[in-house]
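Student: Protein sequence lines, in the order shown, are assigned to chains A and B. Read in order, the letters of the first sequence correspond to residues 0 to 292 in numbering that gives the first Met the number 0. Read in order, the letters of the second sequence correspond to residues 0 to 246 in numbering that gives the first Met the number 0.
None of these hints come from the bench; they were simulated from the model. Incorrect hints may have been included.
[What the hints assert, rightly or not] Covered stretches of chain A, going by a simulated chain B footprint (3 or more residues, C-beta under 8 angstroms):
id : segment
1  : 116-124
2  : 155-165
3  : 169-177
4  : 230-239
5  : 246-255
6  : 279-287
For every residue, glycine included, the Cβ atom is placed at its ideal position computed from N, Cα and C.
Take a look at the letters that make up each chain.
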Amino acid sequence: MNGQLIAKTGDSGALSLPLSTQSLRGLALFSHVQPCNSRLSGQHLLRECGGVRRTRSRMIQEVIPQAGGGYSRERMSTSAIRANRIGALLDTKRERMAQSGISADSGAVEAGPAEHADWMRAIAEERSRAAFARLFAHFAPRIKAYLMRSGSDEGGAEELVQEAMLTVWRRAESFDVKQASVATWMFTIARNKRIDAYRRTKRPELDPQDPALAPQPEPMQDDSVGEGETADAIREAIATLPDEQAEMLRLAFFEDMAHSEIAEHTGLPLGTVKSRLRLAITKMRGLVDEELK
Amino acid sequence: MTAQHTQKTDMHGGETGAGHLPTHHLSDELLLDYSAGTTDEAVGVLIATHLTLCPSCRVRAEQLDAVGGAMLDDLAPREVAEDAFTQLIARLDEPEAVEASPLQDDRQRGMPEMPTNAGESHVLPRVLQRYVGENPAAIAWTPLGLGVEQFELPVTGGARAVMLRVPAGRAVPQHTHEGNEYVIVLQGAFRDEAGRFGRGDVEIADGDVDHRPVADAGADCICLAVMDGPLRLTSLFGRALNRFVSL
């Protein structure tokens, strides 16, 4: 029962692929150059293309060493590239779009919450393996990083990443973008896998079908602020937290440490750890409320 | 009174009734640990029980999950194995393995039998029913002394979870705590120096709290108590008993 707090049957809407601003920029770039025959995303890849026809593998080889350029933390791994290639090949719709010069973001720099939600919709409604490939390319390396940071060894992390992505595939229909962002849902799935595996117990969770569940009172059901805006507001709020508060939050979320262990690890008094965390959460909530006004 | 936890208490709580919502809530600290997945199983059961009964804490819990999600998205990625995706694709079509029956696992852990018409009683949230059964009256209570009864939940981890039944009007002996104590009320109510705690309310108490909770008249008070350290009796009489009593 992963991600119960946010799992709900989504409403089915028409599948549309909104053009992100990056896609439009890509289109402009392509308007005067030969099609690169590349469906790999990344503004850097398009730029490298430079209007000269190249084989895809040559382009990849050229671009990858520089993948550090615009996004210092990420190299496109070969498996991510392969995932993107498979995705592109399998999805004729996106192939048509790619041939017309629109770059379908596949998990490198540009993919944000809106793109993630598009992929989820494609997975849920069309069982699109292309979209799943993109989701994998973006989230699998991050889930692996999360699991290893919280104490998993590499093999165990790889295993759990597979389990988590499998769950995503199987439960895609239950994801509701109005309830939470894709990243939030992925986090809860990965977290629950971690608890199952390493704490040898399932995480106790409320049952959404529980007759004892106290319903939201009317005023709180106001849907004018969607979960998407809230997720964006939270990301912004975290970015503006003082470093030591943000770092404390990261330790709390990702290092699988009790507060006393964080105190030991950082050498700070327990009281400081607790108050920093409390301040971080209060500040974050205040910023989110401000954002959403 | 509680030094480590800043508990949230609504000023305008309603009286008991069908629509009564809790006024004593989970702390940010507890919700953070629950969202991060670092709570002991006992604490998790108590938290999920409160969340069932408290919509505003559910919102706070969801916000913290969103914090986890935002930070996950910002993590420096670790490259996955070359064939990871191809392996995964190959598994998409395999039939979903039937999850090891939770019932089997539960029986091994000594969980109570669930009646076949589960879902009839609304008193205990389902997350708690899994550990104590559906019907509070049918719990295998054992006497604790002074009319108070208890039932120990089969949980793993460093914290204990105990159902308590305190007869109407009766007091729990004066005590303090060597660790933290979290108590959620499922039926009836109790009062102590921190206020009145009715259905869904959570009291958070640590070593700075020395209290003698008294059950309200009119109904037995049934609650779930979670402790990550032993209790210490502190009344004159109680102190003499401490070495003989393990609480």
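Student: State for each hint whether it applies.
Tutor: Comparing the hints with the structure gives:
1. 116-124: violated (count 0)
2. 155-165: holds (count 6)
3. 169-177: violated (count 1)
4. 230-239: Result for this restraint: holds, n = 4.
5. 246-255: Three-residue rule met by the segment 246-255 of chain A, so holds; n is 6.
6. 279-287: It holds: at least three residues are needed, and the segment 279-287 of chain A offers 5 whose Cβ sits within less than 8 angstroms of chain B.
Violated hints, in rising order: 1 and 3; the structure is consistent with all others.
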